[in-house]
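These protein sequences, in sequence, are chains A and B.
Adding 81 to a residue's 1-based position in the first sequence gives its number in the numbering used here.
Adding 34 to a residue's 1-based position in the second sequence gives its number in the numbering used here.
It should be emphasised that the hints constitute simulated quantities derived from the structure, not laboratory data.
Just so it is clear, CB atoms sit at the ideal spot from N, CA and C, and this is done for glycine as well.
Careful, some of the hints might be misleading.
In silico SDA-like cross-links for lysine to any residue, where the CA-CA straight-line distance does not exceed 25 Å [as the list claims (entries may be wrong)]:
{"no.": "1", "chain 1": "A", "residue 1": "K89", "chain 2": "B", "residue 2": "V91"}
{"no.": "2", "chain 1": "A", "residue 1": "K120", "chain 2": "B", "residue 2": "T44"}
{"no.": "3", "chain 1": "A", "residue 1": "K382", "chain 2": "A", "residue 2": "T280"}
Partial selection, computed: residues in chain B whose CB lies under 8 Å from chain A [as the list claims (entries may be wrong)]:
{"no.": "4", "residue": "T39"}
{"no.": "5", "residue": "T88"}
{"no.": "6", "residue": "V97"}
{"no.": "7", "residue": "L100"}
{"no.": "8", "residue": "F102"}
{"no.": "9", "residue": "P161"}
{"no.": "10", "residue": "R169"}
{"no.": "11", "residue": "E184"}
{"no.": "12", "residue": "S187"}
Rough simulated footprint, nothing fancy, chain B against chain A, three-plus residues with beta-carbon under 8 Å [unchecked claim]:
{"no.": "13", "segment": "153 to 162"}
{"no.": "14", "segment": "174 to 188"}
Residues per chain are reported as follows:
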Amino acid sequence: MREFGYHKAHDVPGAVALLGADPDARFLGGGTNLVDLMKSGVERPARLVDVRELPLDAIESTGDGGLRIGATVTNSDLAAHPEVRRAYPALTQAVLAGASGQLRNMATVGGNLLQRTRCGYFTDVTKACNKRAPGSGCPAIEGEHHNHAILGASGHCVAVHPSDMGVALTAFDAVVSYQTAEGTGELPLADFYLPVGDTPHRETALPAGALITHLTLPPAPVAARSRYRKVRERASYAFAIGSVAAALDVRDGVVREARLALGAVASRPWRARAAETALTGAPADAASFAAAADAELAAAKPLPDNAYKVTLMRNLIVAVCTELAEEAAR
Amino acid sequence: MDPSTSSAITLNINGEKHTLSVDHRTTLLDALRERLEMTGTKKGCDQGQCGACTVLVDGRRAVSCLQFAVAAEDRQITTIEGMAEGDELHPVQQAFLDLDGYQCGYCTPGQICSAVAVIEEHAAGWPSAVTDDVRPEAGPPPLTPEEIRERMSGNLCRCGAYTSIVQAVARAARSGRAAGPPATASAAGDTQEEKDKEAAA
Numbered sequence: 082m083r084e085f086g087y088h089k090a091h092d093v094p095g096a097v098a099l100l101g102a103d104p105d106a107r108f109l110g111g112g113t114n115l116v117d118l119m120k121s122g123v124e125r126p127a128r129l130v131d132v133r134e135l136p137l138d139a140i141e142s143t144g145d146g147g148l149r150i151g152a153t154v155t156n157s158d159l160a161a162h163p164e165v166r167r168a169y170p171a172l173t174q175a176v177l178a179g180a181s182g183q184l185r186n187m188a189t190v191g192g193n194l195l196q197r198t199r200c201g202y203f204t205d206v207t208k209a210c211n212k213r214a215p216g217s218g219c220p221a222i223e224g225e226h227h228n229h230a231i232l233g234a235s236g237h238c239v240a241v242h243p244s245d246m247g248v249a250l251t252a253f254d255a256v257v258s259y260q261t262a263e264g265t266g267e268l269p270l271a272d273f274y275l276p277v278g279d280t281p282h283r284e285t286a287l288p289a290g291a292l293i294t295h296l297t298l299p300p301a302p303v304a305a306r307s308r309y310r311k312v313r314e315r316a317s318y319a320f321a322i323g324s325v326a327a328a329l330d331v332r333d334g335v336v337r338e339a340r341l342a343l344g345a346v347a348s349r350p351w352r353a354r355a356a357e358t359a360l361t362g363a364p365a366d367a368a369s370f371a372a373a374a375d376a377e378l379a380a381a382k383p384l385p386d387n388a389y390k391v392t393l394m395r396n397l398i399v400a401v402c403t404e405l406a407e408e409a410a411r
Numbered sequence: 035m036d037p038s039t040s041s042a043i044t045l046n047i048n049g050e051k052h053t054l055s056v057d058h059r060t061t062l063l064d065a066l067r068e069r070l071e072m073t074g075t076k077k078g079c080d081q082g083q084c085g086a087c088t089v090l091v092d093g094r095r096a097v098s099c100l101q102f103a104v105a106a107e108d109r110q111i112t113t114i115e116g117m118a119e120g121d122e123l124h125p126v127q128q129a130f131l132d133l134d135g136y137q138c139g140y141c142t143p144g145q146i147c148s149a150v151a152v153i154e155e156h157a158a159g160w161p162s163a164v165t166d167d168v169r170p171e172a173g174p175p176p177l178t179p180e181e182i183r184e185r186m187s188g189n190l191c192r193c194g195a196y197t198s199i200v201q202a203v204a205r206a207a208r209s210g211r212a213a214g215p216p217a218t219a220s221a222a223g224d225t226q227e228e229k230d231k232e233a234a235a
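Chain B on its own, in the form it takes in the complex (with noise of 0.2 Å):
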């Protein structure tokens, strides 16, 4: 017998339920975009290989276009619509904006939900590749430009805005208050705001 090759299905995304038919050929990065006009989440490659429509899937950062959407059922996704609480952007947001972290802005919302991830998974004391002592004993590494660098590499910027982007991230890490999506961030903005403009300027 063919199976059914559609299905209704109920998306929990930034704390709202959205119930919806879809094609099971349909990915999360479409649902979003073409069926619940979240346009946010941009479509870069469709390949995996850009990052541009990077979300966060139970808190941790993912590539939508790889995600069908009927397997995203029962999990909590943020897209860049939800890190801003009310007229209060995330640290990370603030950080890009201050410290002119994009260029065009196409790859910026990945970026962003990429580096909140980011910060989170270094705060856990996650290594990276350039690491140099992964052991539990070494205990977690600065995050270095070069440890900025390794850990967003997933996420490409067309305009080579690189250089501020690891900055933003830098900042943002430096509050301290920048981990997770809303539910676990608090407000922005710190002492070393002026310093970083300048550093940037």
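The following block holds chain A by itself, in its conformation from the complex (with noise of 0.2 Å):
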């Protein structure tokens, strides 16, 4: 590991400037995925910025029904929280299927957002990656890619996003606000993470230097009876294969309003726009869900290895969906 300097932030714009002093400083939050990658070589900061004392841990109602998340607020308070775990119950439950509770008490909401993939050609620093050194080639299409992007994917690059947490929290349209020397501003997560492209090495649209300070959730009454359901290959403590976020409002047995996000399968947390747009006014039963699964799913382009997952997807729409229909029938 590569010896740094280290400063411990007291306030956000003593932690900006600090940031900014050294084009090779960066934020220190619970470190669960920073640290490992130090220890790998794939992060080779000169200075870390310890942003984990900044008065940014607290979650507050915005009055109008939404939530404000502090970026320091660690994934197991935002999970034990009673107003997430009423008002976006998939919410905790996407926090909840992530990491072990020793991780969850150490990872931070804003670090969650800002984690990298897990691929295994990333994190080998003698292997080629153009996410960790661009121009270098995708060793993932021709290799191992068993777990890799179905949906949105490009020939540079077919990583998958690793979050859960990420996933509830695009369903549900969280706003990312962020400050820089500059002053603050903020992003809706549907344009936080980048498309791929030609560019996988940058990942999101936060400009240079900028700290997360907190997520705002809008109001959402539909959220209130959601579910993340997260398939994995052990039962426990693993990145998931395939999840899916999902809220439904359904009355008369009729999809009032529904949101639908998918993990593991793309870049980003996956917004299902086509799926929901083939929800909403639909029948609540089995063959809408199998549909609108496939209306999302027909642009997806799988490897090789990887085209289970179109078929795990849509099984896991369509339970998900079933599921979330039974319980507002009862």
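Need the complex rebuilt from these two chains, each delivered in its own frame; the hints are there to steer you.
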């Protein structure tokens, strides 16, 4: 590991100024991803600016029924918060489906959004990887890609975003707020992650040197009946091979409103807009759910070893929507 | 200007202050084991994947291999060495002993630190990934074997002693006195002990 300087930031402007003073500096949150990447040599910062003690650890109601979540709130505190569990249960379920109790105590909301892919070629510095070393190639396309993307990938990168939390946040239209030396700004999560294209090393639309300060979850009555379901290769403590965050408002057997986002299928949490459009106004039955899944997955471009994900995601969407419809009928 | 790459820090471990100079690259795990001769905390994967290095930081479980020591200043750290009160084992330690919650013992300090926190998290009403209904109105889920397995899934055991680990955590939780490090826990032992021994045998 490269030697590095360490600074504990005590206020947001100070943190931003410290980072801005050194192009090789990184913010340190819980460290559950960054420290790991420093050990493997993927990240080689000259300076760490520790943001864990910034006053950004509150979860507050916005007054209109939404929630404002500080960037240094831990995954554990987010999942356990009564209002999150009541108003956005799929978010609690998504956070609890990720990592382990130890890691959720350390990891922060801001860091979770910025975590890097677990693609084995990205984390192995002896291999080519367009995300880590632009222009070096993507061995996953011809190599090990059974857990790689089926949606939105390019010939330059087929890695998936590993977050569970981000999938639920995407379904609920979360907005990311940040601060730079120039001032504050915000980005809807839908615009936060950049399309892969030929620049897989550029992952987010955050300006250089920006510190995520908080997220805002707009009010979403539909989210009160929501679920997150994750499929992985062992029963617990593993990254997803596919996941769904869904919310349905069903009245008189008809879907009035639907929210659907998919995980582990793309370089970012994938909002399933085509499926939502197909669901809205449709009868809340298995045929509609399958048709909605097909509408979304029509764009899927699987690789030789991950075509199973198309079937998996179709089944997952139908299963979660069926559960939600049954819950509504009770 | 190149930043300084080491610092003099004070760590608060099991209620005692330790002042030392660390290279910033030193993890809390390496500081404990290599600098402070507290080798109860074990190094397994060193990548945050196995849980062997679990300690409590400000009362919450964390993996010490992904925690830089310099960033652990001003935090209360509890290691396996801090669990017993004198000769009196922590209820979770006693349950692991009584019910053979280990085989080789390498993962055990991490398992025990994690279990202490699991019991506390459950007592605080935290749901888990296997909790059917996470809404607060649903109330806390009973600490079933399924709940214990999910909540303990961040601690791997290569010997596969999971069956007895689950029994030990369940018994310690039932004792009602096992949450938290010694400052908040009282004496070990309960009437369930004999039944559990029979169940494990």
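Hint by hint, work out which the structure violates, then give me just those numbers in ascending order. Of the numbered hints given earlier, the structure breaks none, since each of them holds.
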